[in-house]
Amino acid sequence: MLSEPTEQVIAEITRPLSYAEKIWNQAAVRKVVILLFLAVAWQIYAQRLNNPLMFPPFSDTTAALWNAFAKGELGSRVLVSLKVLLSGYAIGIVLAMVLAGIANGTRLGNDLLEVLTAMFNPLPAIALLPLALLWFGLGNGSITFVLIHAVLWPVALSTHSGFASISGTIRMVGRNYGLTGFRYVLHILIPAAFPAILTGLKNGWAFAWRTLIAAELVFGVSSGSGGIGWFIYENKNQLEIAYVFAGLLTVIAIGVIMDSLFRLIEQRTVSRWGMKF
Amino acid sequence: MASAVSPLLDVQGVTIQYKTSEQLVTATWKVGFQADRSDRLVLLGPSGCGKSTLLKAVGGYLTPAAGRITLDGRTITGPGPDRMMVFQETDQLLPWKTVRQNVAFALIASGRAKKADADEQAMIAIRTVKLDKFADAYPHTLSGGMKQRVAIARCLAMKPEIILMDEPFAALDALTRQQMQEELLELWSQSKFTMIFVTHSIEEAILLGNRIVLLSPHPGQVKEILDVDLDDPANRFHGRYNELRDTIHRVLFKDVGDYVI
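Just so you know, the sequences run in chain order A and B. Per this note's numbering, the first sequence starts with residue 1, numbered consecutively. Per this note's numbering, the second sequence starts with residue 1, numbered consecutively.
Derived from the structure by calculation, the hints contain no laboratory data. Careful, some of the hints might be misleading.
Stated by the list, open to error - Subject to a maximum C-alpha distance of 25 angstroms in a straight line, what follows is the list of computed SDA-like cross-link-like pairs (lysine to any residue):
{"no.": "1", "chain 1": "B", "residue 1": "K114", "chain 2": "A", "residue 2": "R183"}
{"no.": "2", "chain 1": "B", "residue 1": "K19", "chain 2": "A", "residue 2": "G105"}
{"no.": "3", "chain 1": "B", "residue 1": "K159", "chain 2": "A", "residue 2": "R183"}
{"no.": "4", "chain 1": "B", "residue 1": "K115", "chain 2": "A", "residue 2": "R268"}
{"no.": "5", "chain 1": "A", "residue 1": "K276", "chain 2": "B", "residue 2": "D136"}
{"no.": "6", "chain 1": "B", "residue 1": "K114", "chain 2": "A", "residue 2": "T180"}
{"no.": "7", "chain 1": "B", "residue 1": "K19", "chain 2": "A", "residue 2": "R171"}
{"no.": "8", "chain 1": "B", "residue 1": "K115", "chain 2": "A", "residue 2": "T269"}
{"no.": "9", "chain 1": "B", "residue 1": "K56", "chain 2": "A", "residue 2": "R183"}
{"no.": "10", "chain 1": "B", "residue 1": "K115", "chain 2": "A", "residue 2": "P191"}
{"no.": "11", "chain 1": "B", "residue 1": "K115", "chain 2": "A", "residue 2": "R183"}
{"no.": "12", "chain 1": "A", "residue 1": "K276", "chain 2": "B", "residue 2": "K97"}
{"no.": "13", "chain 1": "B", "residue 1": "K97", "chain 2": "A", "residue 2": "I166"}
All chains should be built: construct the whole structure from the sequences, respecting the hints.
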């Protein structure tokens with residue numbers, strides 16, 4: 001005989017969290033609160049300092065930001081910057097893939113990539129700007145050149161290490177399907193190395209973005225339309241410091257947007273595939 | 001016993017050598033065996049006998065230093081979809097594709113099916129290994145046994161001339177392994193594919209093979225080729241089963257001397 005189960009009621013099995021707790025559990029909410037706090041601190045400090053020439057308050061900066069976009073000036077500046085950036089970024093990535101593909105196939109190619117990245121990866125792209133100006137003149141050609149340099153080496157390096165870390169089994173599976181050459185690289189090597197490639201793309205983006213703004217600060221104007229860097233420099237010369245801050249905020253905002261875009265790509269790809277390292 | 005029809009797979013006097021950074025190692029020495037259509041040929045031997053190396057040579061990943069391997073009369077020169085491999089490693093599925101996509105992509109990439117038909121053919125193969133519920137799952141969410149079943153489904157969908165299995169169940173737990181062995185036999189009785197199965201387990205060899213090639217190590221050489229004549233291979237307590245096991249034991253360990261197992 002089984003013994004009679006003792007009557008015992010568990011007081012609660014699940015209890016929904018309170019709304020406040022649920023809201024606070026959202027990372028985005030916590031981050032917005034931090035941003036609000038920073039904005040308030042900025043405003044209070046700037047007002048007490050009372051020197052808008054050196055440090056304009058948050059309210060002036062947002063007003064300037066609104067004006068700059070409403071007048072259409074900053075918006076077109078952003079577009080100019082992004083256009084140059086994207087072309088440099090795209091060319092850099094294609095070159096990096098080609099270089100890493102060659103390095104994967106042959107021993108000499110491998111040595112070539114290692115020597116080149118060892119030489120050029122530590123060389124800051126902006127240091128090439130004087131030379132680029134000499135070769136390509138004032139204008140987008142020079143900026144694109146330094147951008148390619150900023151993107152090519154970090155992306156090639158991480159793509160190369162990504163290819164190198166692909167397991168022998170996956171390689172054999174690809175060849176078992178009869179894949180060779182370009183199709184093998186496209187369908188097997190690139191997706192199998194994608195976690196490393198994505199890291200490279202992220203780093204390449206960060207390098208390119210910084211290089212671009214720095215290069216634009218140096219000259220930036222070509223045929224009368226400069227980018228964000230030039231917008232900042234121009235306004236500093238006219239002592240429109242609130243607009244300088246507005247330009248900086250725009251640079252930050254684009255950086256944050258790109259960061260979340262990369263995070264989204266990561267979620268859709270390597271996280272879903274269980275390939276995150 | 002020479003048959004009138006030439007064998008599907010003919011391995012003749014195959015010597016395989018590979019280089020390490022220090023020396024040239026001979027993995028197999030003048031190995032020869034044949035497999036007919038619908039054979040379940042097992043390569044059995046201790047580690048170092050070159051059985052996996054032989055299988056990779058049949059797969060086309062290695063070129064023999066001497067001898068030749070022909071499939072249906074054609075000399076093997078490189079990897080190809082007519083010889084599908086199942087590996088021991090559970091990372092043989094492409095992690096960026098779902099179960100269905102993994103099977104379908106094999107068909108598309110190798111040109112065995114058009115994009116439109118590949119999905120349907122893939123689902124048929126996935127159903128035969130009873131994984132239709134997991135068709136849209138990514139490999140990293142599957143257990144080891146399920147991954148191996150997908151790899152087998154991928155092979156079956158490709159309808160290759162021969163299936164090459166490199167210790168596919170060695171990394172699985174004992175219960176799953178036994179289940180997989182029985183499922184493999186069942187699949188074979190449905191479609192009578194030709195396979196070469198590499199293992200170091202005598203039990204697995206007797207259970208799965210209809211012919212067993214016994215190899216000795218350093219370098220790998222054929223000791224003996226046995227025909228398995230069991231009326232009920234799934235019965236592991238058969239009298240004939242024990243006889244075979246003892247024979248294999250004797251052949252494989254006769255050089256070991258007084259070594260007690």
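The hints, checked one at a time:
no.: 1; hint: B:K114 with A:R183; in the structure: 17 angstroms, holds
no.: 2; hint: B:K19 with A:G105; in the structure: 19 angstroms, holds
no.: 3; hint: B:K159 with A:R183; in the structure: 22 angstroms, holds
no.: 4; hint: B:K115 with A:R268; in the structure: 24 angstroms, holds
no.: 5; hint: A:K276 with B:D136; in the structure: 20 angstroms, holds
no.: 6; hint: B:K114 with A:T180; in the structure: 19 angstroms, holds
no.: 7; hint: B:K19 with A:R171; in the structure: 20 angstroms, holds
no.: 8; hint: B:K115 with A:T269; in the structure: 22 angstroms, holds
no.: 9; hint: B:K56 with A:R183; in the structure: 22 angstroms, holds
no.: 10; hint: B:K115 with A:P191; in the structure: 20 angstroms, holds
no.: 11; hint: B:K115 with A:R183; in the structure: 16 angstroms, holds
no.: 12; hint: A:K276 with B:K97; in the structure: 15 angstroms, holds
no.: 13; hint: B:K97 with A:I166; in the structure: 16 angstroms, holds
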